[in-house]
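Position chain B relative to chain A; hints supplied.
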Amino acid sequence: MSDRRLPRLLQTPAVILLLLWMLVPLSMTLYFSFIRYVLNSLRRPEWTQPSLSNWRGFGNYEYVLFKAKDFWLAVENSLFIVSSILVATVVLGLALAMLVNRTFPGRGIVRVLLISPFFVMPAVNAVLWINMILDPVLGLNGIAVGAINETVAGLRDFPVLGAFFSLWPVLEPISFRGTDTSAYAVIIMVTWQWTPFAVLIFMTSLQSEDEQQKEAAILDGANAWSRFRNLTLPHLARPIAIVVMIQSIFHLSLYAEIEIVSRGNGNKNLPYLIGEFTSNNIGAASATGIFAVILANIVAIFLLRMVGKNLMD
Amino acid sequence: MATIDHTSSFGRIFWPVLAWTIALIFFFPIFWMVFTSFKTDADAVKPEFLFSFTPTLENYLNMTENYDYWRFATNSVITSVFATALALIVGVPAAYAMAFNPSRHTKDILVWMLSTKMLPAAAVLYPMTYLTKNFLGVFDTHFLVIIVLCLINLPIVIWMLFTYFKEIPKEIIEAGKMDGVSTWGEIKDILIPLAWGGVASTALLCFIFCWNEAYWTVRLTTTEAATLSKLIEGNRAPEGLFFGRLSAVSTAAVGPIVVLGWFCQKQLVRGLTFGAVK
Chain A
383 MSDRRLPRLL
393 QTPAVILLLL
403 WMLVPLSMTL
413 YFSFIRYVLN
423 SLRRPEWTQP
433 SLSNWRGFGN
443 YEYVLFKAKD
453 FWLAVENSLF
463 IVSSILVATV
473 VLGLALAMLV
483 NRTFPGRGIV
493 RVLLISPFFV
503 MPAVNAVLWI
513 NMILDPVLGL
523 NGIAVGAINE
533 TVAGLRDFPV
543 LGAFFSLWPV
553 LEPISFRGTD
563 TSAYAVIIMV
573 TWQWTPFAVL
583 IFMTSLQSED
593 EQQKEAAILD
603 GANAWSRFRN
613 LTLPHLARPI
623 AIVVMIQSIF
633 HLSLYAEIEI
643 VSRGNGNKNL
653 PYLIGEFTSN
663 NIGAASATGI
673 FAVILANIVA
683 IFLLRMVGKN
693 LMD
Chain B
7 MATIDHTSSF
17 GRIFWPVLAW
27 TIALIFFFPI
37 FWMVFTSFKT
47 DADAVKPEFL
57 FSFTPTLENY
67 LNMTENYDYW
77 RFATNSVITS
87 VFATALALIV
97 GVPAAYAMAF
107 NPSRHTKDIL
117 VWMLSTKMLP
127 AAAVLYPMTY
137 LTKNFLGVFD
147 THFLVIIVLC
157 LINLPIVIWM
167 LFTYFKEIPK
177 EIIEAGKMDG
187 VSTWGEIKDI
197 LIPLAWGGVA
207 STALLCFIFC
217 WNEAYWTVRL
227 TTTEAATLSK
237 LIEGNRAPEG
247 LFFGRLSAVS
257 TAAVGPIVVL
267 GWFCQKQLVR
277 GLTFGAVK
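Chains A and B, in that order, give the protein sequences. Heads up: the first sequence begins at 383 in the working numbering, then just goes up one per residue. Heads up: the second sequence begins at 7 in the working numbering, then just goes up one per residue.
So here's chain A without its partners, still in its complex pose:
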């Protein structure tokens, strides 16, 4: 009877495709990471083709770790950006989900408005935010700061209050393309895009919360905060874990946002660093790629432990 064989046959194409997708490029990356391989070298033309005779052992890894700049900056920045976005989206998402969980007029529209950013193309998101919103001269950032300054300047002419307002400084709009600020621009735009995702998940989960339990807690005199801490938060533990997992997968490989905001100026993550190496030194790019795979795996093991248990029920 083909009872057991056929189902296995049906999932074979998917398994084989994903296996190839994972193994073929990954083993090539592994190979390239152990040889000298540059795209342009007049001095050593033999290095411009991948070949076993250019074997370098762990030389590329050593180079990336100890000689090349920016590796540790990229690792730190990757983690900084991912964790900031995670904290911001989860906290904001929780607050907003609680807010729209009650019934009020126009709730459906509020929900649709709130969720929309999630569907915006990342490239559009980055171009829109950095040029039209965060830009200190042409964006709303500059216009808003200008308006505040003007208002304050106007208030200075006021009889009594004027003395108070003349103590206010004239504000300068922040440029988000700078070395020390561009990471924040990325965090802001990605948080804008992914908070809706957290809201969507938490909102759905809140709807299945046990209302009777809540009523009982209210009758027992529990205040809103302790109801949230002891009932709602435990109820949301799993959705929070899922939001953290899915977002980590997506944000560890952020690229477009970083390139569009600052071209990596002071704000690289691992994918961006790999992109930079790829313009010439493929060996170093591949070694960095292997480091990125290791980092992703550490995060993945950690995350799958967190949610994996009850994934199937």
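For the record, the hints were derived by calculation from the structure and aren't laboratory data. Please read all numbers here as calculations on a predicted model, not as lab measurements. The C-beta atom is built at its ideal place from N, Cα and C for all residues, glycine as well. Any given hint could be a false lead.
Unchecked claim - Sample of chain B residues with no beta-carbon within 10 Å of chain A, all distances over it, derived:
| # | residue |
| --- | --- |
| 1 | T42 |
| 2 | L63 |
| 3 | F88 |
| 4 | G186 |
Unchecked claim - Only some residues are given here: those of chain A computed to face chain B with a beta carbon under 7 Å:
| # | residue |
| --- | --- |
| 5 | F486 |
| 6 | A505 |
| 7 | I583 |
| 8 | T586 |
| 9 | A638 |
Claimed, not checked - Facing chain B, according to a computed beta carbon distance under 8 Å, are these residues of chain A, among others:
| # | residue |
| --- | --- |
| 10 | V397 |
| 11 | G488 |
| 12 | G490 |
| 13 | F501 |
| 14 | G544 |
| 15 | A545 |
| 16 | I631 |
| 17 | S635 |
This is chain B only, laid out in the frame that chain A set:
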């Protein structure tokens, strides 16, 4: 069950107003983009014309001239549609097998599939470029973009379909088996009609992800198969000169997808969370 309303009258006004305010703030960048697309490039950068200006359709009319919008849009449609179809063709049988004939390894296979999503694209981009350029000669073709889009979304497609199929009572499929329906018949005549909503929203979500994908499509294409993501990335530094035009192109690129997203927001949750959140 009737719930008692404990909200004070202050709260009954305050919270909805807060919710509306925040929702409008969140939507504002999108509104601003659409709004700017009706300004001329000159008006778009003048602070004094923030809200008073003569609306114009010029940006939309000029889209073809300035940006070759239609070529990119056509490529986006072709690649997203075919990649979604391919993902479903591969994904439906796999999810069917896993949901109705699970083996000891099914759970591991599902988790492994998910983990392929965690492989950083940057780590394997160069080999992919090398392979497709030097050996397969498929670089910058629709074929390549379709395959890649299909593969990066396949884990999520299978994951979603599995969740929907699991909700169908096993007995219905078994009854079909008793009546001597073939496996293909089971999928086509029983499973898909029963899980139609799930299959449709999976397709919709997969289409959205394909449409918005930037990393691979930008780097594996030059001109022939380039999609809207590439068009947007190519115009990323307009230095304020072309805000109007850029907004129009951006609006045309994300508009349809945002509207699609509104329709499938509910199903999205179930699929994206492995059904763990109901």
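Quick rundown of the hints versus the structure:
Not every beta carbon of chain A lies more than 10 Å from that of T42(B), the smallest distance being close to 7 Å; the non-interface claim is violated. The claim that L63(B) lies off the interface holds: its Cβ sits roughly 20 Å from the closest Cβ of chain A, which is beyond the 10 Å cut-off. Residue-level check passed: F88(B) sits 15 Å from the nearest beta carbon of chain A, beyond 10 Å. With a cut of 10 Å on Cβ distances, G186(B) stays outside the contact zone with chain A, its closest approach being about 13 Å.
For the restraint placing F486(A) at the interface with chain B, the shortest Cβ-Cβ distance is roughly 4 Å, inside the 7 Å limit, so the hint holds. A least Cβ separation of about 4 Å between A505(A) and chain B falls short of the 7 Å threshold, and the interface hint therefore holds. Contact between I583(A) and chain B, as hinted, is supported at the beta carbon level, the nearest pair being about 6 Å apart and thus within 7 Å. A hinted interface residue such as T586(A) counts as satisfied when its beta carbon comes closer than 7 Å to some beta carbon of chain B; here the least separation is about 4 Å, so the hint holds.
For A638(A), the suggested interface contact is upheld, since its CB lies about 5 Å from the closest CB of chain B, less than 7 Å. Nearest Cβ of chain B to the Cβ of V397(A): about 7 Å, under the 8 Å cut. The hint holds. Checking G488(A) against chain B: minimum C-beta separation of about 7 Å stays under 8 Å; hint holds. Given hint, G490(A) at the interface with chain B, is violated; its Cβ is 10 Å from that chain's nearest Cβ, farther than 8 Å.
Given the 8 Å rule on beta carbons, the hint for F501(A) holds: about 4 Å separates it from the nearest Cβ of chain B. For G544(A), the suggested interface contact is broken, since its CB lies about 25 Å from the closest CB of chain B, more than 8 Å. Because the closest C-beta pair between A545(A) and chain B is about 29 Å apart, greater than 8 Å, the hint is violated. Nearest Cβ of chain B to the Cβ of I631(A): about 5 Å, under the 8 Å cut. The hint holds.
A distance limit of 8 Å between C-beta atoms decides the matter here; for S635(A) the minimum to chain B is near 5 Å, and the interface restraint holds.
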